[in-house]
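Participant: Order-wise, the sequence lines are chains U and H.
When we follow this note's numbering, the leftmost residue of the first sequence carries the number 1, and every step to the right adds one.
When we follow this note's numbering, the leftmost residue of the second sequence carries the number 1, and every step to the right adds one.
Bear in mind the hints are in silico, worked out from the structure with no lab data behind them.
Treat the hints with care, as some may be off.
When the alpha-carbon atoms are kept at most 25 Å apart in a straight line, the in silico SDA-like pairs for lysine to any residue are as follows [unchecked claim]:
1) H/K57 with U/E109
2) U/K49 with H/K11
3) H/K11 with U/Q38
4) U/K49 with H/G51
5) H/K11 with U/E88
6) H/K57 with U/S84
7) U/K49 with H/E44
8) U/K49 with H/L96
9) U/K49 with H/S27
10) U/K69 with H/V97
11) U/K49 with H/H29
12) U/K58 with H/F103
13) U/K69 with U/G53
14) H/K11 with U/Q45
15) U/K49 with H/G42
Here is what each chain is made of, one letter per residue.
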Amino acid sequence: AQSVTQLDSQVPVFEEAPVELRCNYSSSVSVYLFWYVQYPNQGLQLLLKYLSGSTLVKGINGFEAEFNKSQTSFHLRKPSVHISDTAEYFCAVSDREGETSGSRLTFGEGTQLTVNP
Amino acid sequence: GAGVSQSPSNKVTEKGKDVELRCDPISGHTALYWYRQSLGQGLEFLIYFQGNSAPDKSGLPSDRFSAERTGGSVSTLTIQRTQQEDSAVYLCASSLVWTTEAFFGQGTRLTVV
Numbered sequence: 001a002q003s004v005t006q007l008d009s010q011v012p013v014f015e016e017a018p019v020e021l022r023c024n025y026s027s028s029v030s031v032y033l034f035w036y037v038q039y040p041n042q043g044l045q046l047l048l049k050y051l052s053g054s055t056l057v058k059g060i061n062g063f064e065a066e067f068n069k070s071q072t073s074f075h076l077r078k079p080s081v082h083i084s085d086t087a088e089y090f091c092a093v094s095d096r097e098g099e100t101s102g103s104r105l106t107f108g109e110g111t112q113l114t115v116n117p
Numbered sequence: 001g002a003g004v005s006q007s008p009s010n011k012v013t014e015k016g017k018d019v020e021l022r023c024d025p026i027s028g029h030t031a032l033y034w035y036r037q038s039l040g041q042g043l044e045f046l047i048y049f050q051g052n053s054a055p056d057k058s059g060l061p062s063d064r065f066s067a068e069r070t071g072g073s074v075s076t077l078t079i080q081r082t083q084q085e086d087s088a089v090y091l092c093a094s095s096l097v098w099t100t101e102a103f104f105g106q107g108t109r110l111t112v113v
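Taking the hints into account, I'd like the entire structure generated from these sequences.
Facilitator: Here it is as structure tokens:
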């Protein structure tokens, strides 16, 4: 079984400030890691993913995340946010053991990022 | 189609009625998921289909909920005898098995009155 904990339910920041959204996971097997973004009244959109290789992953809209296996973390960062980044962000994990048969995504509770002018 | 399509986008139903929610996944995607998102809550896993394997139904909250996937493509989530606590946005997603990246539809907002 796997679980995801997003440590902050709400993160308010000012425009052009840096931001970090924290995500920790637990799993008994190796995992794939994802960040999704949900804008108001829309579905979820993939921001970035870690499957293998470099632990620093770059995604869309200037976001990046770093996989830290020893700390079982996958924190999302952006050096300078815009008002348009205001949205809910979800961290998710899937089980690598299911690579050939597919495996379900387990999501965190979400972090509401609010960027203020 | 270009993306995952869900219908209807909004559904208002009376308590006790049955509802059917439809999901058309991306063509060629073998995995299909249903999630539920209640107000202020995260995404609650409901059910997962992968190819011809038996579906993972471990997330269905009660026996009033069921889902099927016909021909490995379109899926229908059925809620019988709806209750007010069933009110939520129901999200469908699909993925290619070897990437595991899931693409989500816009969701169906279900309101039980």
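Participant: Each hint should be assessed against the structure and marked as holding or not.
Facilitator: So, going through the hints one by one against the coordinates:
no.	hint	verdict
1	H/K57 with U/E109	holds (21 Å)
2	U/K49 with H/K11	violated (33 Å)
3	H/K11 with U/Q38	holds (21 Å)
4	U/K49 with H/G51	holds (23 Å)
5	H/K11 with U/E88	holds (23 Å)
6	H/K57 with U/S84	violated (37 Å)
7	U/K49 with H/E44	holds (20 Å)
8	U/K49 with H/L96	holds (15 Å)
9	U/K49 with H/S27	holds (22 Å)
10	U/K69 with H/V97	holds (24 Å)
11	U/K49 with H/H29	holds (18 Å)
12	U/K58 with H/F103	holds (19 Å)
13	U/K69 with U/G53	holds (12 Å)
14	H/K11 with U/Q45	holds (23 Å)
15	U/K49 with H/G42	holds (19 Å)
Hints 2, 6 from the earlier list are contradicted by this structure; the remaining hints agree with it.
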